[in-house]
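Modelling step: build the complete structure from the supplied sequences, incorporating the hints.
Chains as they are written, first to last, in numbering that gives the first Met the number 0: chain S, 0 to 414; chain H, 0 to 314.
The reader is advised that the hints may include incorrect statements.
Label pairs and their in silico Cβ distance ranges [as the list claims (entries may be wrong)]: (1) H:128 - S:282: 57 to 65 Å; (2) S:350 - H:133: 38 to 46 Å; (3) S:128 - H:81: 27 to 35 Å; (4) S:132 - H:32: 47 to 55 Å.
DSBU-like cross-link-like pairs, simulated, lysine-lysine; straight-line CA separation at most 30 Å [claimed, not checked]: (5) S:262 - S:52; (6) H:167 - S:236; (7) S:179 - H:167; (8) S:262 - H:167; (9) S:166 - S:52; (10) S:53 - S:334; (11) H:179 - S:236; (12) S:181 - H:179; (13) H:179 - S:398.
From chain S, some residues computed to sit far from chain H (all C-beta separations above 10 Å) [to be verified]: (14) 5; (15) 28; (16) 176; (17) 191; (18) 223; (19) 378.
Source of the hints: derived by calculation from the structure; they are not laboratory data. This structure is a prediction, so every number in the text was calculated from the model and none was measured. Where a beta carbon is used, it is the ideal one built from N, C-alpha and C, also for glycine.
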Amino acid sequence: MSRRIWWLAVASLLLWAMTPTGWAAAPSKLEIFSWWTAGGEAEGLAGLFSVYKKLYPNVEIINATVAGGAGAQAKAVLATRLAGGDPPDSFQVHAGLEVEKYNPARFLEPLDDLFKSEGWERVLPKDLLTLLRYQGRFWSVPVNIHRANVLWYNRKVFQDNNLTPPKTFDEFFKVADALKAKGIVPFVFGSKDGWEAGHVFEVVLVGTLGAEGYRGLWTGKTPWTDARVTQALNTFKRMLTYVNTDHPALTWDGAGQYLIDGKGAMQIMGDWQDGWFQSKRYTGYGWAPPPGTAGIFDALSDSFALPKGAKNRQNAVNWLKVVGSREGQEAFNPKKGSICARTDCSPGLFNQYLQSAARDWKTNALVPSVMHGAAAFESWATKFKDIVALFVTSGDVAKTQAALQSACRDAKVCK
Amino acid sequence: MVQTKPLAAARWRSGRWRLRNPDRVIAVLLVLPSLAAIAVFVYGFIGFTAFASLTRWDNLVPDFSWVGLENYFRLFNTQRFQIDLRNTVTFTSLFLLTSLALGFALAVLLDRRIRGEGIFRSLYLFPLALSFIVTGVVWRWLLNPGSAELGSTGVNLLLDRVGLGALKSGWYTDPRIGIKAVVIAAVWQMSGYMMAMYLAGLRGIPEELREAALVDGASEFQVYRHIIVPLLHPITLGALIILGHISLKIFDLVVAMTGPGPGFSSDVPALFMFDTTFRGNNFAQGAGIAIILLVMVAALIVPYLIYSLRTEVQR
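Now the structure itself:
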């Protein structure tokens, strides 16, 4: 056979291999936009896709993910697509006030009818429904719940030193001193991306002000000039004297390595850390509510919205139905390392930590996370993040508290 | 010395510039599309950005109500932006001085016609072939602070091994160093290029000049001080412009290497602009930062343009 025929054969083989199987009936499409590209989260998304595929086999799913921590890059891409009149069919948004960023009245379709017809108002907890409503209407369908306030600790380190997880900040510092004397990093911290400091400080605020006081910070009921905010800043400042020295070079997961190696004892991070520990095949970790936050659940939720002018609107509505369904959430959450937004998921699918989170979710007081889009507008949350990141190096309590107050004023919540 | 203005006018009157010649018509027609494109896509958009920075556009939906200079006042009152401006000044001055000095020194050394010059030349030039993103990632690893608990890495490990452990530092994670660590990476990338420019300049200086000076009894240092360095002025100026605008616009290197850094110690305006515009959706304020960046670059480049225009016309 001549060489040319060989080439022809190879080329046609390649062509054949690239051809989609559903040639004849041009498949309708569904473009889903998210920032889930890493380990567990991408598997969770694939789980949702497979549920959708089973119900609507003729729809081709386009997985438009944009990588990048906490969705910073993805949000930039999405903003330009929405403003340019080329929205994806459905996209990921943190439940809560983050939706304001997308000018719902102009860019999103309200989903109240869908919530009614699917009966979601009955299966979703009341606090979550309150969180989802913006200007009196629903704009996105929640798929999961994450808990931001978890104190992760190395069980072996605690056992070896006869310690128990601290319930108050006083206990925290006692435990920390004991660990420091043993040459173990008491409090593991990674602050490279800037938001981690805001995350820990948010948890300290919850622990100092309690659920009611903390919620008030974002609604104007608790003034930022409150003495308890000063106290929280001082506590946070003191906690930072117990952290690993290389924290500015580490992200939260890089810092988590200290726990895995037994060189660090405690870390405050959201429960995506549970999924991360599992992907590292690490089982020696324990969990507890951080000091002062027992009985309080600092929540955030991932949800999907329906932009106006979606090219495949019907497919997108079907997608949202899957997202809000029990089957969809059961396929998604065990892999992503989060609990169902619905209250009727079967607990057996989840690991021990997630089961405990699901129990707390039903009984605890809920507070919205600011660092993850639930408590405040994006512009305010961004300012909060910058101010706390500065505080980590400056340690200037008075100046920081004044800046927090003026950020609240800029957001037109405080006078 | 030629008087420039009257001459140009005379040319114009004499018809040398008139569109009589069909070649000229074609030439103008050929240039016209790109001129129009530049007018719209460069100057038009600069104008639009300047306009946007004076409005209240702080969300996805454009809001063109006029607020005057409010965005600028707010910017200059933002602590992060003040730090950014300080960082820009530090970065630009250190980066320019070090790259030029190092480039010049390398060029002078190579100009001695040493053996294996070609190899050294390529070695010094290689970093230029990388993008700033790659440089940033590599130097992030090299300057990793390590820690008391897990031990040192990168440069710190090297210092440890050769017994200079006292020189170890947190590099970009130390707020006192911050942006200066980024300067190290930037200098590593650009000084080879400066060397190439200076080497070309040095090779362009006739040997007779040096010999004459040496015969007249000038020392080697005096030759450099009074003859070679002045002759290299145009190259230095060109290099300053190239490095200067790179340094003011720097974004990718910082993103890859450090991000904003602890307490924004390695933050730069371009990074803040990206955050403000695309994370906070505050388009007006982002436009304000962009305009300030443009003004800074213009302050550097316009004097050069005027200077080179003058010298060219004089020739």
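Here's how the hints hold up against the structure:
no. : hint                      : result
1   : H:128 - S:282: 57 to 65 Å : violated, 46 Å
2   : S:350 - H:133: 38 to 46 Å : holds, 40 Å
3   : S:128 - H:81: 27 to 35 Å  : violated, 43 Å
4   : S:132 - H:32: 47 to 55 Å  : holds, 53 Å
5   : S:262 - S:52              : violated, 45 Å
6   : H:167 - S:236             : holds, 26 Å
7   : S:179 - H:167             : holds, 23 Å
8   : S:262 - H:167             : holds, 22 Å
9   : S:166 - S:52              : violated, 46 Å
10  : S:53 - S:334              : holds, 19 Å
11  : H:179 - S:236             : holds, 26 Å
12  : S:181 - H:179             : violated, 35 Å
13  : H:179 - S:398             : holds, 26 Å
14  : 5                         : holds, 37 Å
15  : 28                        : holds, 25 Å
16  : 176                       : holds, 17 Å
17  : 191                       : violated, 6 Å
18  : 223                       : holds, 17 Å
19  : 378                       : violated, 5 Å
Violated hints, listed in ascending order, are 1, 3, 5, 9, 12, 17 and 19; each of the other numbered hints is respected by the structure.
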